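J.: Now for the letters of each chain:
Number of protein chains: 2
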Amino acid sequence: MSEHDVFLADCPARTTLSLVADTWSVVVVYGLGQGPRRYSDLRERVGGISKKMLTQTLRKLERSGLVRRRVLATAPAGVEYELTELGRTLLEPVGVLARWAEEHADAIAAADSG
Amino acid sequence: MSEHDVFLADCPARTTLSLVADTWSVVVVYGLGQGPRRYSDLRERVGGISKKMLTQTLRKLERSGLVRRRVLATAPAGVEYELTELGRTLLEPVGVLARWAEEHADAIAAADSG
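Here the protein sequences line up with chains A and B, keeping their order. Take 12 as the starting number for the first sequence in this note's numbering and just add one per residue. Take 12 as the starting number for the second sequence in this note's numbering and just add one per residue.
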């Protein structure tokens, strides 16, 4: 159990929620669900993300201990990203949310145009 | 099963994810989980939200068919918000994400300052 509460403005839980409750964070974390990916591979996987936004999102996730960056000893040098142990705990929540969006997209679109 | 895919930039699933994968949407939907709430009551529940942001968030959720607004025949007139049937399907995903944030806030804060 935790004494933290997302309803409280100044609670660390709110800060943490703000970190992950954003579209790009959800899609990037979800996109790392199958294992490590190179930057270019991840950019291909996450449709529509700009280099700037992918870099920003990865830096934010890295700073928060959710993602690990690794420089590969290849030529040319590549960079790989993977979820940390902490990051893997986020896979279920983002998966549940992403699948909800996939399953309810038609209903939402219908309401929006109704 | 759905043919929609949040990894595709132009997919309705991505649009739907963008609608709900944001801090205020998550907290407001979660805050309506116990049943209808008056505007003022909801604003008290969701710590730190401005009137403008709460109104915008509720309008967005209403337009998407997730929330229903009802004018109460009281004096002074009150306004109440509640989740629709579609909105209630979102309770589990936002609950899972909010609880994740509450449970992992300390680990994230530790990583961030480390």
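Where hints are given, some of them may not hold.
The list that follows gives simulated cross-link-like pairs (lysine-lysine, DSBU-like), each with its CA atoms no further than 35 angstroms apart [unchecked claim]:
| id | chain 1 | residue 1 | chain 2 | residue 2 |
| --- | --- | --- | --- | --- |
| 1 | B | LYS71 | A | LYS71 |
| 2 | B | LYS63 | A | LYS63 |
| 3 | A | LYS71 | B | LYS62 |
| 4 | A | LYS62 | B | LYS71 |
| 5 | B | LYS71 | A | LYS63 |
| 6 | A | LYS71 | B | LYS63 |
| 7 | A | LYS62 | B | LYS63 |
| 8 | A | LYS63 | B | LYS62 |
These are calculated hints, taken from the structure and not from any lab test. Model, not experiment: these values are computed from the prediction.
J.: Take the hints in turn and mark each one as holding or not.
T.: Hint by hint, here is what the structure shows:
no.	hint	in the structure
1	LYS71/B with LYS71/A	holds, 27 angstroms
2	LYS63/B with LYS63/A	holds, 30 angstroms
3	LYS71/A with LYS62/B	holds, 29 angstroms
4	LYS62/A with LYS71/B	holds, 29 angstroms
5	LYS71/B with LYS63/A	holds, 27 angstroms
6	LYS71/A with LYS63/B	holds, 27 angstroms
7	LYS62/A with LYS63/B	holds, 32 angstroms
8	LYS63/A with LYS62/B	holds, 32 angstroms
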